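> Below, each chain spelled out in residue letters.
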Amino acid sequence: ADTPAAATAITPATPLAELPRTSQLVLGWSITSPIGVTNPWAVPGYTHQEGNALMWEPLMYFGIFKDDYIPWLASSMEYTAKDFTALQIKLNPKAKWSDGKAVTSKDVVFTFEGQLKNDKLPYHAAFAQFVDSVTAADDLTVNVKFKIPAPRFKFEVLCEKFDTGIPIVPAHAFDGQADVNAYAGGVAMPHSGPYDLVAWDANQKIFNLREDWWAVGAGLIPLPEVKRVIISNLGGQIGQNMDTIAQRLVNSEMDSALDMRSSVIGNILAKNPKITTHTGNKSPYGYLDWWPNSLWMNTQIAPFNDAKVRRAISLAINRDVINDTLYEGAKIATIYPFPLYPGLQKFVDSPEMKALEAKLKPGLFDPDASAKLMTEAGFAKNGKGLWEKGGQTVNCTINGFEGIHSDIVPVLVEFLVAAGFDGAVNFGTNAYQNMADGAPGLYMFGHGASLKDPYAALELYHGRFSNSIGTPAGNNRFSRYKNPAYDAVVDAMAPLSSDDPKFHENAVKAMEIYWTEQLDVPIIQWLHRIAYNQTHWTNWPTATNKAMGTNGAFWAETGLLVVSALKKA
Amino acid sequence: MILRLIFRRVLFLFVVIWCASSIVFIIPRLSKTNAIRERFAELSRTGGFSPDDLEKIIASYSKQFGLDAPLWQQYQDYLGNILHMDFGYSLNRYPMTVTQVIVTAIPSTLGLLLVTTVLSFLIGNFLGALSAWPKAPNWVRAMATPFVLLTGVPPIIMGVLLLFFIGFRLQLLPLGGAHTIGIVPDGSLSSYLDLLLHLILPSLALILGSVGGWVLSMRGMGITIQGEDYVNFAEHKGLTGKVIFRDYYLRNTLLPQATALALALGTVVTSAIVIEGLFGLPGIGQALNSAIRSNDFPVIYGIVLFITAAVATLMVAMEFVYPLLDPRIRNQ
Amino acid sequence: MTDATLVMSLRPSRFWLAMRYIRRNKSLAIGLAVMLFLIAFTVIGFLTINPRHAYPLSAATRQAPSWKYPLGTDFFGRDLLAAMVVGMWQTAAIGLIAGGIGTMIGVFLGFVSAYFGGLIDAIIKTICQILTPIPVLLIQVVVAGSLDKRDVTIMVMALIIVMLGWMGTTLVVRSQVLTMKERQFVAVAKLSGVGSMGIIFKEIMPNLLPFIAAAFVVQVFQAVFASFYLAVLGLGPLREPLLGNIIWSAQGQGAFFNGWWWWPIEPAIAMVLILGSLALINMGLDELANPRVRKSE
Amino acid sequence: MTNLLDLHHVSKTYTRGLINAKATVALQEISLTLKQEDPTILTVAGESGSGKTTLAMLLLGFITPTTGQIIYRGKDITALQGEERMAFRREVQAVFQDPFAVFNPFYTVDHLLSVPIKRFKLATNAKAARAKMDEALTAVGLRPEDVLGRYPHQLSGGQRQRINVARALLLKPRLLIADEPVSMVDASLRASILETLRNLQRDHGVSIIYITHDLTTAYHIANAIIVLYRGGVMEAGDVDQVIKSPQHPYTRLLVDSIPWPALDRRWGTDMIKAREAGSSSVGCPFRSRCPMAMEQCKTQPPLYKINKTQAAACYLHAGHPEIAAERLTELLPVRTQIEA
Amino acid sequence: MADALHKSPILTVSNLEVTYYTDAGRAKALDDVSFTLNAGEKLGMVGESGSGKSTLALAMMRMIKPPGRIEAGHVFVGGTDLMALSDEDMRQARLSKIAYIPQGAMNSLNPVIRIGAQLVDALRSHGIRDSRAQIEERCINALKSVDLDPAVFRMYPHELSGGMKQRVCIAIGILLQPQVIIADEPTSALDVVTQRQVMETIDRVKNQINAAVILIGHDMGLMAQFVDRVAVMYSGRLVEVSTVREMFTNPLHPYTAALISSLPNLQNKGVFQGIPGLAPSLLRLPSGCAFHPRCTKMMEVCQSTRPLTRTLESNRLVTCHLYDAVV
Ligand SMILES: Nc1ncnc2c1ncn2[C@@H]1O[C@H](COP(=O)(O)OP(=O)(O)OP(=O)(O)O)[C@@H](O)[C@H]1O
Ligand SMILES: Nc1ncnc2c1ncn2[C@@H]1O[C@H](COP(=O)(O)OP(=O)(O)OP(=O)(O)O)[C@@H](O)[C@H]1O
Ligand SMILES: [Mg+2]
Ligand SMILES: [Mg+2]
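In order, the protein sequences belong to chains A, B, C, D and E.
Positions 1 to 569 (the numbering used here) are the ones given, in order, by the first sequence.
Positions 1 to 332 (the numbering used here) are the ones given, in order, by the second sequence.
Positions 1 to 297 (the numbering used here) are the ones given, in order, by the third sequence.
Positions 1 to 340 (the numbering used here) are the ones given, in order, by the fourth sequence.
Positions 1 to 327 (the numbering used here) are the ones given, in order, by the fifth sequence.
Bound conformation, chain A alone (with noise of 0.2 Å):
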C-alpha cells in the first residue's frame, strides 16, 4: 500500500505572527475536507471550497453578472477554426507558481492531458469528448485541437465561475508522484493563487497572503487588503447549528458563512444593521445560483412514463404558496430548467417564448385539472384518498437532500398527499443512488447546466443519455427520456453559437416539447443568501457593486475575486 499523504493536522513551524482583527477576513463553513489536501487532482478528497480556491487560479474567471470573460493566467484563449475545432491559448508572460517558476505552456499541456488520460478527474469525461490534441507553441502558447465542434469548451471547462471548470496546476510540483490522485499536496505544493496555507486543524483552516503575488505585478489586481484569511469550522451537519451560525454572524464573530435559509436572513440583516446580502437588504437577499431545481423522475417507468401523470404532479403544485410561505414573498418558484441570468432572462423574455408560456401555463395549479389528468390516466382514488391503479399508489417519495431541501421538500410532499399522491420524503444516504438508478419516485436535483443558453439544460434530455433501466444515469440526468423528434431539435443546437437566430428556433421549440411533456418538475430557482458583514470589511460583491462581476460566494471558484476585492471598513 502507498504511505498516507494526508495530515492529521498542520501547524505553522513558526507562531503565526499577530495580526490586527482588521487585517483578517473570518469566514465560517463546514470543513470536511481531508486535512493537508491541496492538490486539485487528489480527487475526490479535494475540493475547491474551503479555501483552496485561494490557491488555484484558472486560465480566465467568468464574471456572471458582468457578463464576461476575465482574463487570468491565460491573457487570451480564442477559438481559431470557424467550425470551433482549435483554440489558441496565449498565457499571461507575468504568471508565476509561488516557489518563484513561471507558469509555462508546459503546465497548461500538463493540466489538460492529466484531464485526457486520467479518468480519476474531474474533467476527464469532458476531455474525452471533445479534445484531440494539446499542443505547446511555444512557452506562452497552447493550440488544442477538437475531436468535433466544442463552442462551449472554453466556457463550460475552461473558466473558472461558480463551482466549475478547471485550476491549472504546476508540472514540476507532480514530478516523481507515483500517484497523482493520491498525493495531497499540503503546504508543499507550489500554486500560483496568492494565499498560502499555514495552518489547518479541526477548527479552523488558515490562509496568508503572499505579498509577492503575480497577478499584482501584472497589474491585474491592487494587492489585497486582507492579509490573513480564516475559514472556521462550522460543523459537518447544518441544519443541526443554523440558530447559532446566525446569531455567529449578527454577533460579528464572523465576516460571512455559507448561505442561510431564507427564513434567517432577513433575522439576520435586523438584528445587525451593518450586515448586508448580495440585494442589499431587500428580499430575496440573494443571487440567482446555476442550480435551479425541479422534480425529477425516471421517465420509463410507470406511472411517471406517462406525461399526463407527470403533467398532473405539476398541477398539483402551488407556486405561490411556495413563494409566499417559505420564501418570505420572494419570486422563487419557476418554470424552467435553466437560472435566469442575463442570457437566458433574455431568452425567456423573448415574444415566442411568452407565447408558449401563455398557451401552455406551465405554472398553473389546479388540482381539478390534476385529478382530471390522472382519471384520464385510468386513476381512481382509493379509501386513503390516494391515486391508485391496479392496486399500486403513485410512489411520490421525494428523493432530496437534508442539508438543502429540508424546507421545500416537506412542502412539496404536502402538495403531492393533497391531490392524491402518495408522498413522502427520502432525506437517506441513498438519495442520489435512486436517482442514478431511476427508483421510482421523484427526485429533488437541480440542473447545473445552463448559464448563458439554454443548450447545457435541454442537452440533459437529449435522448443519447436514455440509459436503459438497469444502467445508472449520468449526473443530472435522470430523466432518461428518448424523443427523436427531441433529440433533432437539440441536435441542430448543438454546434450552433447562442446568438444565432436558428438556435433561438430551435431552443423555443425544445421548450414546448419540455413543457407539454413535462420532462420534469420545475420547482425553484436556487438563491444563494450570504449574509456579508461590514464591520469590518467592505465592497463585497452586490447586485449593485459588480466590480468583478462575480456570484460573491466565497466558497466557489471565484472567491479569489471575493476576497481581493475587499476594503478595509
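Don't read these hints as lab results, they were simulated from the structure.
None of the values given here were measured: they were computed from a predicted structure.
From the three backbone atoms N, C-alpha and C, an ideal C-beta is built for every residue, glycine too.
What the simulated footprint calls covered on chain E by chain D, stretch by stretch (three residues with Cβ under 8 Å from a Cβ of chain D suffice, anywhere in the stretch; the number is not a length):
(1) 220-233
(2) 244-253
(3) 275-287
Under the rule of at most 27 Å between Cα atoms (straight-line distance), these lysine-lysine pairs were calculated in the DSSO-like manner:
(4) C/181 with D/118
(5) B/135 with C/26
(6) A/66 with A/94
(7) D/172 with E/269
(8) E/269 with D/305
(9) C/202 with D/121
(10) C/190 with D/127
(11) C/190 with D/75
(12) D/118 with C/202
(13) D/172 with C/190
(14) B/56 with A/482
(15) B/135 with E/28
(16) B/242 with E/65
Using the hints, position chains B, C, D and E with the ligands against chain A.
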C-alpha cells in the same frame, strides 16, 4: 492460570470486535447504495465536476476502493485489513486514511467526553450514595427525585435548552466552536482558558444529561447495601458516619458502577454526535455523523470499531481491576 | 417475606392497599400521574383536534401560541397542538411496540437460558455478553442511516430499536430465573408433579412480574429515547410529526434565532415529561421489585 | 417383594467451573436399603456440608448420582418415564427445612395443597379436593379456616411447617424425605411437628428418612441412624445405641457437643479442636481432626460391625468383623420402639 | 471480689418500651421490660420467634430504626443512662460500653476490606490514637483471644469459615472491653461442634474482661449449657427471669413450664409435648395476659387484666396472675 484468563479475555475482545465489525459491515451494504456515487453526487452538487459522464469516474474509484468486488470478497478483505489495523482510506476524505480521520477527531472528543463522563460519574455516584444514605441531611436525600427527572432529559434537549437560555437569551457563553476564531491553540494558559470557556455549555449538557442515571443506579445500590448486615454491624461497632459511608457504602457500590462506567463511555459517544453537532465541535461524533450521511463506509467501520474496541477493552481491563476492588473475585 | 406483600399489592382485591402503597412510593405516584396526564392529553387531543393538522400546510405559519393555536404553529404550517398529539401518540406507539417486542424477546430468551441451562444458556449468555460492549445507539444510527427513508415507518423505527435492545432484559430475567429456580417452592412444585411449562408459567413467572414490568418500562424508556435520538438526527420517518422530528426541523430553520422558541421547546418539554415519567415509574417499580429499597422509604 | 428403595454405592461429586474443574465429593459410596413391608424412620445425621441435602436431592431425583444407582421399587429412578415417573413423584415426597421458602409467595397457601391434588388427580371435584385439604390440615392440628386463603407471610413458621407436613399427609407417600424439618421452627413447636411425622409413619406406613444435624431430635424420632462426615458413613446403627454409646470418634464429638437441655449433662471442660481447612481425599475423612488419628487412618477404614445393631468406620474397632457397605442396612432396626 | 461486683448491677434496664409503626398498625414489640445484670454474669434471653428478643438488644444499643421507636425506658450501663446520651456519645458508647455480636455473622463483615482493617476502624472510630503498630498488636491480641491465628488480620472475610467469622465478630465485640456484651443468636447458623467452640470462646473472653453477657436464642439446651440466668420473653414482655437451675426444676410461669416440658431429653424418648395454640400477633394482642388463650392455668382475671411483673424470693421475676397473692 492467569495467562489462560488473559487469553480468554483477549479472545472475548476479538469476538466482540468481530461481531461489531460484521454488523457494521453488513448493514450499510444491505441497501445497494454505492458510496462513491453518493460522494460524487455531493461533489457535483457543490460543483467542481463536469456533469458529463460521472459514472466512469465512479466506476474507476469503485474499483480502486474495492467496492466492485463481490460482497464476500469485500468482507474478507475488510476483516483481513482490520487484523492489520488498517481501515483503509476514507471515501469521502481521500487521501486521508480512516486512522487519520479518527486521530484528527479524537482529541476534541476525548477531552470533552472523558472529562464529562468522569465528572458526571463522580458527581452522580456521590449524590446517589448520599441520597441513599439514611444519615444524609434531608435536602440531600430529597434531591434524588429531581435527578431522576434529569434522566428524562436527553443531552440533546439539555443542549438545546442551555443554548437557548444561556447562549441566546443571556449571551453569557460562546455559542459554538472549540475556541475563539483566529486563535491558534499554542498551549498557553489563555488558550486553555479560552477552550474551557467554549466547552462549558457542551459539557454541562453532557453532564446534566447523564448525571441522573448515575444518581439513580447508585441510589438503588446504596439502598440495597444499606440493608446488608455488615452495614448494620458497622453501626453497632460505633463507627463514625464518615467511615461507614466511605468504607462500607462506597467501596461496595463502586464495583458494579465501574463496569457501567466502561459501558457508559460507549453510549456517551452517541451523545457526542448530537452535542458536537449542536455546538459545532469537530470531534468523533461529527466525523461519524458526516460519514454516515455520505456513506463513507470505511470511516463508519473505523469509528464504530474503535469505540467498540475501546469499550470492550475497558470492560476487559475492568475485569482485571475488579480483584483489586473486590477480594472475593480474586480467588476465582 | 416482603416480596409476597408486593405481589399482593398488585392484586385488584388489594386496591386500597395498592393505593396506600403508591402514596408512600412517591416516585411511582408522580411518574404515574404525569403518565396519566400525557395519556389524557393524547386521548382528549385525538377527540378534539384534526390529525391532518399535524402535517404541513394545514394552518397559518409561524404563529406564536394564541387562543386559536394554543401551542402555536411552525414554519411549515403545522398546528403544533395537533402535531404534539399525533407525535405523542406515535412516540407511544414506538415505545410500546419496541418495548413490548424487546421485553418479550428478553423474557423469552432469559427464561430459556436460565431454565434449561447448559449449552443454550452458554450461547445466549455469550451473545449477550458480546453484544453488551457494542454501543447500541451507534449501531442503530448506522442502521437507520443506511435504510431507504421510504422504508422507515413508525413500525420499522420500532424494529430498528428492538434489534439490539433486548440483551438487558435477557440478562436481568435470566439472573432472576436462576435464583428463582433454586427457590424451594420450585422443588416442591416438581414434587407435586408440575411439569416444566407449569413451573415456568405458573410458579416462576408470576413472581417475576414486578421485574418484567420494570424491564418493560426500561425497554420503553430506551425505545422512546432511541427513537427520539434518531429522529433528532433526521433519521426517522421524516414526514411524521415525531417529537424528535419537530425539533430536527425547527433546528433546520433556525427557530431560536428567528424567535420561534415554542417550536422546538414544546416537543422538548413533551419528551422530558415522557422520559421523566418513565424514569420515575421505573424507579418506583425498582422499589417494588427490590424489597430492600422499599424498606428504606 | 421388591425393596422400596435401594441405593447401590451412590456417590455424588460436584464439579464447579468448566475450565478449572474443582471437585467436591459430597457423597461417597452410600449403600442403603429400605424394605416396603417395614416402614421405618431412618435418621441421616452429620454436620454442615456432610452431604445430607445432597442425599435428599438424589433420592428425590433432582440430581443424578455421579456413580451408583438409586433403585425405587425395582426401577432405576433416572430411567423412569411417563406413568411410572408420575407415580414416583407422588410416592416420594419431601418436607424441607425452610418452612417459608417452599411456598410460592405469589399464591395463597392453598396452592401448596391444591396443586398436587390436581396434578395427581386425588380428587374428582373441587368439593372433594377441599374436603381432602381440610382433612389433612386437621390431622396436623390446624383449623382449615384459619389458614386457607391466607398468604404464607401471614402465617407463623410453625403453621407453615405444619402445612408442609399436611401436604405430605395428603399425598400419603411411601417415602418421605424430611430435610431438617424442624431446625427453623421454634423449640416449642418442634415437638408437635415431630409427633405428626411419627404418626405418619406409624399410622400410614410411610417410610421416613429424617435428615438433621440435631441429634436430640434424631434420638427422639428415629429408629436407626447413619452418621455422615464429608459424604462418608462414619457410624450407623440403632439410634439409642449410637447416641448413648458412640463408637466413632466423630460421633463422640458430635454427641459431646449436643447442648442437652438438662442440668446434669454438661459440655465437657476441655476445649475441642478446631476444624482444619483442607483434607486429603484419601483415607479417613475425619483424620485431620481426630484426636486418636493413627498412621493407619491414611487408608480408608472399612465398616466394622461392633454389635448386632451398630457399626463404625474406624480402625479403633479393627478387632470387630468388617461388614460390606451394602449390608449395612441389615444392622438398622426398623420397628419403632413405642413409648418407653 | 466476685461478690463485691455482684452487689452493684453493671446493667440496669428499666421500663423499656418499643413500638413499631407499621402499615398494618402499631406493634408494641417491647412492653415495660426491666431487668438487671451483674458483671461477669451470663443471662439467656429466650422466647418464641417475634417475641421481641432482637428488639430488646437493638433498643439497648439505641439502634431501633424507623418505623420503630423507643417510647420509654432507661438503660444504665455502669451508671450511665444510654438513653440520655447525645448521638455522638452513644456512638462512642457502642462497643466501648456495650457491644453487640450480630445474629448473621456470615454477612456481618464487610466483604471488600481486610479483617484487620475492620478491627482497626473500630478502634480509630473510638478516638484511639495509638501508633499503627500498637493498634495492630491490640487487634492481633483480640484475635488471639478468640483462638484465631494472627494471620487472619490480613485475610478477607470470604477466606474464613462461618465459625471463624463468628469469632472475628466476637473479637470485635471485646476489642474495647465493654461492660456488656449482647450476643444475638450467635450460633444459630452453625453446626453443633462449631457452636460449642464459639460458646466456649465467648465464655472465656467474658471471663477475661469480666463483662456481663446477654445471650439471645431459643435453644433451651444451649441456655442450660451456657448461661447463669434465663429471661423468658413472650409477646414483648418479660414473663420470667430465673436462674437456669430454678427454671428447669421449678418454672414459675405457665409458659416457661410448657417450654421446659416440651424439651426433649435423653430420659423421655418419644414423648412429644408441644405448647398448644399459636403465638399471638403483636398487632392483635389478646386482652389481659397475652398468654391466656394458650394457658393451662388460665383464670378469669387473666382475660381482662394485664399482669404486673413481680420480684419473688431469690430475685426471680415473673409476670403472671398466679403469683398475685404470693407477694
Ligand atoms: N450445587 C452444588 N455445587 C457444588 N457443590 C455443592 C453443591 N451442593 C452442595 N455442594 C457441596 O457438597 C457438600 C455437601 O453439601 P450438602 O448441601 O449436601 O450438605 P449438608 O449436609 O446438607 O449441609 P447443611 O447442614 O449445611 O445443609 C458441601 O461441601 C457443599 O459445599
Ligand atoms: N422493622 C420492623 N418493622 C415492623 N415490625 C418489626 C420490625 N422489626 C421487628 N418487628 C416486629 O417486632 C416483633 C419483635 O421482633 P424481634 O425481631 O425482636 O423478634 P425476635 O424475638 O428477635 O425473633 P427471632 O427469634 O425470630 O429473631 C416482631 O413481631 C416483629 O414482627
Ligand atoms: Mg442441608
Ligand atoms: Mg431476632
